[in-house]
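2 protein chains.
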Amino acid sequence: MRRGTSRDIRTANRYEVLRQIIAQSPTSRQELAAATGLSLATVATLVGELLDLRMITEVGFEDSAGGRPRGLVAVNASGGALIGVDIAETYVHVELFDLALNVLARADEDVRPGESLPEQVVGHVAAAVGSVVAQAGIEGARVLGVGVSVPGQVDRATGVSEYAPNWNWHDVPLLDLLTEHIAYPLYLDNPLRASAVAELWFGAVRGRGDAVVVNLGTGVGAGLVLGGALHRGVSNSAGEWGHTTIVLDGRLCRCGKNGCVEAYVGASGIMLTLRELCPDSTLLHPEDQTATIDALAQALRENDPVALKVVRETVKYLGAGIADLVNLFNPEVVVLSSWVASALGEPLVAEVREGVARHALPRPMAATEIVLSPIPTDPVCLGAATFALEGALQSVGQRPAPQRARQHGKNRTVTP
Amino acid sequence: MRRGTSRDIRTANRYEVLRQIIAQSPTSRQELAAATGLSLATVATLVGELLDLRMITEVGFEDSAGGRPRGLVAVNASGGALIGVDIAETYVHVELFDLALNVLARADEDVRPGESLPEQVVGHVAAAVGSVVAQAGIEGARVLGVGVSVPGQVDRATGVSEYAPNWNWHDVPLLDLLTEHIAYPLYLDNPLRASAVAELWFGAVRGRGDAVVVNLGTGVGAGLVLGGALHRGVSNSAGEWGHTTIVLDGRLCRCGKNGCVEAYVGASGIMLTLRELCPDSTLLHPEDQTATIDALAQALRENDPVALKVVRETVKYLGAGIADLVNLFNPEVVVLSSWVASALGEPLVAEVREGVARHALPRPMAATEIVLSPIPTDPVCLGAATFALEGALQSVGQRPAPQRARQHGKNRTVTP
Ligand SMILES: [Zn+2]
Ligand SMILES: [Zn+2]
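So the protein lines, in turn, are chains A and B.
Read in the UniProt record's numbering, the first sequence has 132 at position 132, and its numbers run on one by one without any break.
Read in the UniProt record's numbering, the second sequence has 233 at position 233, and its numbers run on one by one without any break.
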């Protein structure tokens, strides 16, 4: 039983009711009570608050069997805009959403290998955020907040990127840097949590209790949904599956340890495997992960033997690593997400299913489905936007206080 | 947000209130409301039910600041007895508890290496259960239930041991076999879950949200407390850390896979390491895990170099394996439990702390404490007894229906 202040509980309940309305509009207070487990009286109060905030609207009545007609509410899509930012090692994706979480505008920027300074990354984010607001043609006042996802370990309360392995960032006050360019409330988290929430709201985890969302990109990790909610861990750093050991004393990982899962199944791990198996392969684009993975994906679709060999060698590790998650969490579903999974697609998933079955225990394996993320847009942008929505609901009644603690006197270190 | 029927929620709330009363008697309804997050009205109703069941009693009043005196309740220790059974690979421990979960009687039986038939194990359990009831001199009518923990994967609903690797049991209807000897209601689960609940109620996890209880015995595994509650997974088989891969293509494990954590850090894994490092060691008692681990523990206390070498070699794997749990779950505490941990004691824990720090990421590592289980008796018996208590509360109002579904026509297979 999680405990919290009555204010925390009220915010959580308000958020849960809005989530249900966004997931299924129109809906009645009775349906919301059934879906959330809250009393009808509590739901009625929370619906009243959301109506006052103009986040939802009354949309008519439905007949109830033998009773009075029931009032229906729906999300007010134009009641506000949310921005989700997915900062990855090779790109920045930004999407602008209406309150129903439909994408209204999108902007992408490439992050090139040399660009490891926070100011460079912040520049890309600022440009793309400016672009989506301009494209959507909305007034800034309607932007309720910007959720920002950055790889590695983050401190949500202070807005600091504590450790981003790809750029060797340590304690970078990312939200403070972004505040110099972006006037909207900002909320920081990482892609593991963003993609897990996206699957929970709109994807393969909808209506499920226990799930693992495996992110396969430059970095790899696992977003955890346990008991129907995001599992963050005591210091918001749960899910670091990429840095669990799969081969003791194995390949050197960029985190400094040996034999991590990421060293074999992250984009550069796959490139290294390709180089080892076939040093002269035309699939290999040195220094360009995206081009290499795209070439591999194309060759895989054409049943190219080298591509198949690379994928099977990768799945030796990936299958064992996902089996570890199945044995530990006993989830209903494992979702493969992020750009490497999405590029390699169903041929990868088919290999992964076999690879996991070779390593997982029969009982948890029988209970687990392994699927590709069904979300057509960038799940990390979507999840980051939900963090902005959560933040906006938390701030109700405490405006115009800033949405996060500001950093004072904390030094930032960037080791190039 | 976990959902369930209103009956489930009521049972869970009744159990939570009783747990709080057992943890701290005497207490007031106001304190219980604060501790559980339930409303005072709900707590008052549940306290009334527990009073009717004679599980708790009124014990007087305390002054409240400026208000009416508050009624105090306490657990009625003599309101019933609970039995906890810990079936392990090398022993059966049985403890009989009063309702305050004080141990009133205890019986142990050795399970010898050849004894792998369910009937043999059931014989030990029946003898020990008979012994504790006789020792305690209580009438059978007061025994509310018997919680039985058996290693491996179990189906709680049907009372079947689906897979017990040490004896190669497959689909053994253990509770049906026990019912032929034991008349009390029986509840089946496994030691990972039993020890985790014991730590949550009375041990190192009390008052904490996220914790991992690492069981080090013949088998190894991880009991998971997430969000303040036991994480079972979708088919009650979460926590199989012993069969996660730490050395791809490494040592053969008894589960049939290679390179599992258990193959290195389970009791027979440690024996194998001793044999590899020092084949003629006098510490080695072939075919006797208990004697070998005891000899190792004694030698470790005397700073014997061979013992130290074996422990350090074991911790190479154990440290990496526990670091995986720290990186994945980001827990507040990791508790080392079960007989191997308890025999090797603090010298092991000191080595483990260093070993984990070499492999875990700094942020989750900084948030985690690593401790030995502080529970002086067998935590698995204690946890199993709480499962019997939970079952007894569930059955309120539906007596005399049996506590579990009976097995009909399901074949049991024992491959020797
Ligand atoms: Zn690593
Ligand atoms: Zn194994």
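Rather than coming from a laboratory, the hints here were simulated on the basis of the structure.
For glycine and all other residues, C-beta sits at the position ideal for the given N, C-alpha and C.
Wrong hints could be hidden among the right ones.
A few chain B residues facing chain A, derived, Cβ under 7 Å [said to hold, decoys possible]: (1) L117; (2) Q153; (3) E162; (4) A238; (5) E240.
Between beta-carbon pairs, the in silico distance windows are [to be verified]: (6) A157/A - G66/B: 45 to 55 Å; (7) R7/A - L40/B: 15 to 25 Å; (8) R68/A - S78/B: 23 to 33 Å; (9) H285/A - R312/B: 55 to 65 Å; (10) P376/B - G48/A: 21 to 31 Å.
Here chain A is said to cover these stretches of chain B; the calculated rule only asks that three of the stretch's residues, wherever they fall, bring their Cβ under 8 Å from a Cβ of chain A [said to hold, decoys possible]: (11) 92-102; (12) 248-261; (13) 308-322.
Structure-based check of all given hints:
A distance limit of 7 Å between C-beta atoms decides the matter here; for L117/B the minimum to chain A is near 22 Å, and the interface restraint is violated. Hint status for Q153/B: holds, given a least beta-carbon distance of 5 Å to chain A, under 7 Å. Nearest Cβ of chain A to the Cβ of E162/B: about 6 Å, under the 7 Å cut. The hint holds. Proximity of A238/B to chain A holds as hinted, the smallest CB-CB distance being about 4 Å (cut-off 7 Å).
For the restraint placing E240/B at the interface with chain A, the shortest Cβ-Cβ distance is roughly 4 Å, inside the 7 Å limit, so the hint holds. One distance hint, 45 to 55 Å for the beta-carbon pair A157/A and G66/B, is violated here, with the actual separation near 37 Å. Taking the beta carbon of each, R7/A and L40/B are about 19 Å apart, inside 15 to 25 Å as hinted. A hinted range of 23 to 33 Å is violated for the C-beta pair R68/A and S78/B, which are about 53 Å apart.
About 44 Å separates the C-beta atoms of H285/A and R312/B, a value inconsistent with the hinted range of 55 to 65 Å. Restraint check, P376/B to G48/A: a C-beta distance of roughly 54 Å breaks the suggested window 21 to 31 Å. For the stretch 92-102 of chain B, the stated coverage by chain A is not satisfied: 0 residues place a CB nearer than 8 Å to a CB of that chain, which falls below the threshold of 3. With 4 residues having a beta carbon nearer than 8 Å to a beta carbon of chain A, the stretch 248-261 of chain B meets the requirement of three or more and the stated coverage holds.
Residue count for the stretch 308-322 of chain B with a Cβ under 8 Å from a Cβ of chain A: 4. That meets the three needed, and the coverage hint holds.
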